[in-house]
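From first to last, the protein sequence lines stand for chains A and B.
The working numbering applies: residue 19 is where the first sequence begins, and numbers increase by one.
The working numbering applies: residue 8 is where the second sequence begins, and numbers increase by one.
These are computed hints drawn from the structure, not numbers from a lab.
All values derive from a computational prediction rather than experimental measurement.
Glycine is no exception: its CB is placed at the ideal position from the N, C-alpha and C atoms.
Hints should not be assumed to be uniformly reliable.
Stated by the list, open to error - If you anchor each label on the Cβ, the simulated ranges turn out as follows:
| # | chain 1 | residue 1 | chain 2 | residue 2 | range |
| --- | --- | --- | --- | --- | --- |
| 1 | B | Leu-120 | A | Met-296 | 33 to 41 Å |
| 2 | B | Ala-78 | A | Arg-191 | 23 to 31 Å |
| 3 | A | Cys-96 | B | Glu-55 | 31 to 39 Å |
| 4 | B | Ala-168 | A | Thr-97 | 51 to 59 Å |
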Amino acid sequence: MAHDSHAKTLPADLAAPSFVGAWQGRALMAGAVFSVIAAVLAVAEGSLEHLLRAWLLGLMMAFGFAIGGLALLMLQYCTGGKWGLLLRRPLEAMSRTLPLVFVYWLVVALFMKRLYLWAQIGDVSAALKAGLIDEIQAHCIAYKRPMLNPAAFVGVSLLCFAIWWYYTWRLNRLGALRDTQSADSTPFWIKKLENISGPGIIIYALTMTAAVIYWVMSLDPTWYSSVYGLLFLVSQAYAALAFAVIAVVSLAKADPIKTVLRQTEQHDLGKFLFAFVMLNIYLAFGQFLIIWSGNLPEEINWYLDRIRGGWGVVITLDFIFHWLIPFTLLLSRDLKRNRKRLVRVCQWMIFARFVDLFWLIEPNFKDAARNLHFSWGILEYAAVPAAMTAFWVAYFCMQLKTRPLVQTNDPHVAEILEPEHAHA
Amino acid sequence: MPPREGTYGLLAEFDTPGDLIRAARQARQDGWRRLDCYTPYPVEEAAEAIGFHRNKVPLLTLMGGLLGLGAMFLLETWISVWAFPLNIAGRPTYSWPAFVVPAYEWTILWAGLSAAFGMLALNGLPSLYHPVFNAPNFRNGATTDKFFLCLEALDPKFDPASTRSYLETFAPVSVVEVEY
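Same shape as in the complex, but just chain A (with noise of 0.2 Å):
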């Protein structure tokens, strides 16, 4: 059992720490050096073409990491642990930042007619007529056409911010709530946000498959795959997780988190990654060697679009990025235990996410399809989602600062002040 005498107290003062402020500080800067980085490249460019391609990747970037978060979050009140209590209030932070990637969608469903093809094309038959789609995009966008419309698109869309700003206010509000209550409240609260996160979890893959169907693939009308919004759910659950282990190790730096992290939990952490590192890259092979096997005129275009042209080039990086590099070093127990080397494996595991967006994004345009090529515009590729990352973090790091970091009505607060030998 605990023993009193070696176990740590938590600091008086759970407040974030002072360089939480800096670290927003410094985003805001990059974030301002970003945006004229690629207000710059849009001149050279001479067109926004490629500005609204790169601002729905950053789009999709900062949506993963929100709604990736409210995941996790919804993810830990399930299973419990003290993984969870540790990341709980990043978790939170990071739900919160919805209005941000809300006005991200804005942008996009503003200029929607500029990147989706489906919005651009009124009348199918001239459009065919004037060559400027084939025959298989007129079938197409014709016969999905009740789904793929700008009333749909926009509609679908609210529908789902909706819901997630509805999981996201309860259990922010309920977690305040809880802290404020004693001890003896702790079994209701347990079971009470678990059975809001448990139906919450599916509604969550349900409307980010939504989501993610009309923002991103729908991209290319004429291709379709049943896994796509699974492949989204592990690659935000990759990103999200390694933003928070980021998050809480460089919070580790001072109280009140560098009293709870012990070097078990971050190993725990570690393992986690692993785990989705794996999961991610079972889905995304799955996903191409069914295609592949099939060989249908229907689905093999998508991959001959990403792979031919100088596309295998970045797939083969996508490939290296995302999976073998965070595999191989994550396999290393010594590298899971050392704070400063997990975080440089979740920094790039992040950069890798960049990649993967860029050639799951770029391709369904016909311009790059099948011809990976130089262009002022590709630039923007880093410099828009860099930015809206960076923003994204600094609104991230205000909403940190709101609460204590710690949730003192949990009982593996007692837990984690213990020393590490004291449970198994």
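Chain B: place on chain A using the hints.
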């Protein structure tokens, strides 16, 4: 080999893992090298306290995994390209995407088997006899709720009388002598 006789070591019993680890750490610091901890569940700090050193199991696992990967991939390549080439929907005989899944499965299988058997080969298990089971308190407590530190007679610092009083400074529940 004739049966060994004499004292195997002195076994100190503790009620908590914390007490055990403090004692083990101190003993290691005082120069003890032939010592071991026994706990009813894995206590990682105990291994560190008595100078946990790296073993070869991770290396064996890696080698097993790579061998499994290479063996299966080459087997598939050999079958499809040379031994029994088949025209499957006009694909090239060397269709590596189709080889990935079995090759991956063999990586896991051989890594797992190498880890399990490598562990057994390197730690001396299964062992039919161990002297510490001669101590009645060990038999009763080691797998339930007691934590043991054993200072072994093979250590040059060992002396039945002074080692006993040394162990008693850690305030254990008991110190018993273990016979071979």
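Consistency of the hints with the structure:
no.	hint	in the structure
1	B:Leu-120 / A:Met-296: 33 to 41 Å	19 Å, violated
2	B:Ala-78 / A:Arg-191: 23 to 31 Å	57 Å, violated
3	A:Cys-96 / B:Glu-55: 31 to 39 Å	33 Å, holds
4	B:Ala-168 / A:Thr-97: 51 to 59 Å	53 Å, holds
Checked against the numbered hints given earlier, the structure breaks hints 1 and 2 and satisfies all the rest.
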